[in-house]
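Novice: Those protein sequence lines, which keep their order, are chains A and B. In terms of our numbering, the first sequence opens at residue 1 and continues consecutively. In terms of our numbering, the second sequence opens at residue 1 and continues consecutively.
Because the hints were derived from the structure by calculation, they are not lab data. Among the clues, some could well be false.
Partial list, derived from the structure: chain A residues whose beta carbon lies under 10 angstroms from chain B [stated by the list, open to error]:
1. 230
2. 250
3. 253
4. 255
5. 263
6. 265
Result set (SDA-like, lysine to any residue): computed pairs, CA atoms no more than 25 angstroms apart in a straight line [unchecked claim]:
7. 269(A) x 145(B)
8. 63(A) x 145(B)
9. 269(A) x 238(A)
10. 44(A) x 97(B)
11. 125(A) x 30(A)
12. 79(B) x 97(B)
13. 125(B) x 241(A)
14. 134(B) x 265(A)
15. 272(A) x 141(B)
16. 269(A) x 134(B)
17. 269(A) x 46(B)
Idealized CB from N, CA, C, for every residue including glycine.
Read off the chains here:
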Amino acid sequence: MGVLKFLVPAAVVAAGVGLWLTAPTRVDPDRYAGLTGDAAAGEKVFTAAGCASCHHAPTGEDKLVLTGGQPFASDFGTFYAPNISPSDQGLAGWDLVDFANAVTRGVSPEGQHYYPAFPYTAYAKMQTQDVADLFAYMQTLPASDTPSQAHDVGFPFNIRRSLGGWKLLFFTGDYVLPASPEAGGERGRYLVEALAHCAECHTPRNALGGLDTTRWMGGAPNPSGQGTIPALTPDKLTWSAEDVAYYLESGFTPDYDSVGGHMAEVVDKFSKLSAEDRMAVAQYVKALPALD
Amino acid sequence: MKKLITTAVLMAGLATAATAQDLPAEVKARQGQFRIMALNLGVLGGIAKGAIEYDAATASAAADSLVGVSMVHQPTLFKEGTDSMSVDGTRAMPEIWDNMDDFGTKWEAYKTAAAEMQTAAATGKDAIGPALGKLGGSCKGCHDTYRAPE
Numbered sequence: 001m002g003v004l005k006f007l008v009p010a011a012v013v014a015a016g017v018g019l020w021l022t023a024p025t026r027v028d029p030d031r032y033a034g035l036t037g038d039a040a041a042g043e044k045v046f047t048a049a050g051c052a053s054c055h056h057a058p059t060g061e062d063k064l065v066l067t068g069g070q071p072f073a074s075d076f077g078t079f080y081a082p083n084i085s086p087s088d089q090g091l092a093g094w095d096l097v098d099f100a101n102a103v104t105r106g107v108s109p110e111g112q113h114y115y116p117a118f119p120y121t122a123y124a125k126m127q128t129q130d131v132a133d134l135f136a137y138m139q140t141l142p143a144s145d146t147p148s149q150a151h152d153v154g155f156p157f158n159i160r161r162s163l164g165g166w167k168l169l170f171f172t173g174d175y176v177l178p179a180s181p182e183a184g185g186e187r188g189r190y191l192v193e194a195l196a197h198c199a200e201c202h203t204p205r206n207a208l209g210g211l212d213t214t215r216w217m218g219g220a221p222n223p224s225g226q227g228t229i230p231a232l233t234p235d236k237l238t239w240s241a242e243d244v245a246y247y248l249e250s251g252f253t254p255d256y257d258s259v260g261g262h263m264a265e266v267v268d269k270f271s272k273l274s275a276e277d278r279m280a281v282a283q284y285v286k287a288l289p290a291l292d
Numbered sequence: 001m002k003k004l005i006t007t008a009v010l011m012a013g014l015a016t017a018a019t020a021q022d023l024p025a026e027v028k029a030r031q032g033q034f035r036i037m038a039l040n041l042g043v044l045g046g047i048a049k050g051a052i053e054y055d056a057a058t059a060s061a062a063a064d065s066l067v068g069v070s071m072v073h074q075p076t077l078f079k080e081g082t083d084s085m086s087v088d089g090t091r092a093m094p095e096i097w098d099n100m101d102d103f104g105t106k107w108e109a110y111k112t113a114a115a116e117m118q119t120a121a122a123t124g125k126d127a128i129g130p131a132l133g134k135l136g137g138s139c140k141g142c143h144d145t146y147r148a149p150e
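Let the sequences and hints guide you as you build the complete structure.
Specialist: Right, here's the structure in full:
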């Protein structure tokens, strides 16, 4: 009885602390108050962030109809990109703060955690004006009425609340490398670590699916189960900065093999950015610390 | 007994090595045609980047070679049963054979881009860059769907 007297309150407190710790963290709405989105500028953010690569329909010819439905296999189950077009099945009815919470905090308007297959851990570093511009641009895209498909994720990963714990462990919102002029400056780092979310595929993950930042851009198994995603670190990637920039522009490797797989989508986006942006990314890549 | 196991292991090793080298002729041929493409793209890319000096004859020879490859009848090389699941040493995904019409359309895109490069190569250095972009787009267009990752 004496033990119970202690244990019951302790359990209640632990559960309370657990709920508090795993509760969704939202953006401060004041940071978005008074911001007006510019759709034309938002198109560039949209391109650099590669939104369409994952959210266009698997068979869709028009890659600006963000119907969703592409499957993303992982160790935890298969995630399906949702509909993010401006329809009732997508983002209709959202305001900028809803959008900012989704993109930079991984929290839905209903207060549910999103799975980190959606790279909000990278987008967390997105500048508020870019978020507003992106939101404005996405309103101009075609609407699709196809409902989003449920993720195919087993217990215990299907408990969304558990993602609060995941976020506590792995979601810092901080940059990994310091910005420097030789490493593409602030712009290069912003493109690589925030918008283009390169590390999501090029950095290996730990057993819980968090990025292993000690092996930053060190290459990783392909989550599709086929082959590997190459390392970008100088111990592995011997291309010059010009080679990297040209690859991002044309899709040609220095020996004129061509880009393939999901990276073809990525190059398609980079080819639409400016030459300065591509060079900034290339310099960031060339300045990566070598791994063993 | 030990000898037997050792022999078996060695033979198994030899057998694996042999499979890797004895690719079907169709696979060798298609890998060869992609190498011909890469070498000639290298010449045109070098010109576009300014690493190789432009002259019409060099550029046209490279572009003509690309057009030549584009005329090779692909179904002969992409023979049934030579996909990445059936043969070790190819990255041609089985989806090619499920979508032969689409695969053919994608090859046509390369054919068109190669023909445009022929015109560009004869025109001058500045025309080559954009034509290369289109060629690269046709490579990506197909590799995005039908080439397995390394």
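Novice: Now, for every hint given, state plainly whether the structure supports it.
Specialist: Each hint tested on the structure:
1. A distance limit of 10 angstroms between C-beta atoms decides the matter here; for residue 230(A) the minimum to chain B is near 8 angstroms, and the interface restraint holds.
2. Interface restraint check for residue 250(A): the shortest CB-CB distance to chain B comes to about 4 angstroms, inside 10 angstroms, so the restraint holds.
3. For the restraint placing residue 253(A) at the interface with chain B, the shortest Cβ-Cβ distance is roughly 9 angstroms, inside the 10 angstroms limit, so the hint holds.
4. Annotation: residue 255(A) was flagged as interfacial toward chain B, and the flag holds, the nearest CB pair being 6 angstroms apart, inside 10 angstroms.
5. At about 9 angstroms, the closest approach between the beta carbon of residue 263(A) and any beta carbon in chain B falls short of 10 angstroms, and the interface hint on this residue holds.
6. Taking 10 angstroms as the C-beta cut-off, the interface hint given for residue 265(A) holds, the closest approach to chain B being about 7 angstroms.
7. Annotation: proposed proximity of residue 269(A) to residue 145(B) holds, straight-line Cα distance about 17 angstroms (limit 25 angstroms).
8. As the CA atoms of residue 63(A) and residue 145(B) are separated by approximately 15 angstroms, the hinted pair is consistent with the 25 angstroms bound.
9. As the CA atoms of residue 269(A) and residue 238(A) are separated by approximately 23 angstroms, the hinted pair is consistent with the 25 angstroms bound.
10. Between residue 44(A) and residue 97(B) the alpha-carbon distance is near 37 angstroms, which puts this suggested pair outside the 25 angstroms criterion.
11. For the hint pairing residue 125(A) with residue 30(A), the CA-to-CA distance comes to about 17 angstroms; that is within 25 angstroms, so the pair holds.
12. Restraint check for residue 79(B) and residue 97(B): the C-alpha separation of about 9 angstroms stays at or below 25 angstroms, so the hint holds.
13. Distance restraint check for residue 125(B) and residue 241(A): the Cα-Cα separation of roughly 23 angstroms lies within the 25 angstroms cut-off, and the hinted pair is therefore satisfied.
14. With a C-alpha separation of about 15 angstroms, the suggested pairing of residue 134(B) with residue 265(A) holds against the 25 angstroms cut-off.
15. Of the supplied pair hints, the one linking residue 272(A) and residue 141(B) holds, its CA atoms being roughly 16 angstroms apart against a limit of 25 angstroms.
16. About 15 angstroms separates the Cα atoms of residue 269(A) and residue 134(B), which keeps this hinted pair within 25 angstroms; it holds.
17. Restraint check: the Cα-Cα separation between residue 269(A) and residue 46(B) comes to about 23 angstroms, which is no more than 25 angstroms; the hinted pair holds.
Hint 10 from the list above is the single one not met by this structure.
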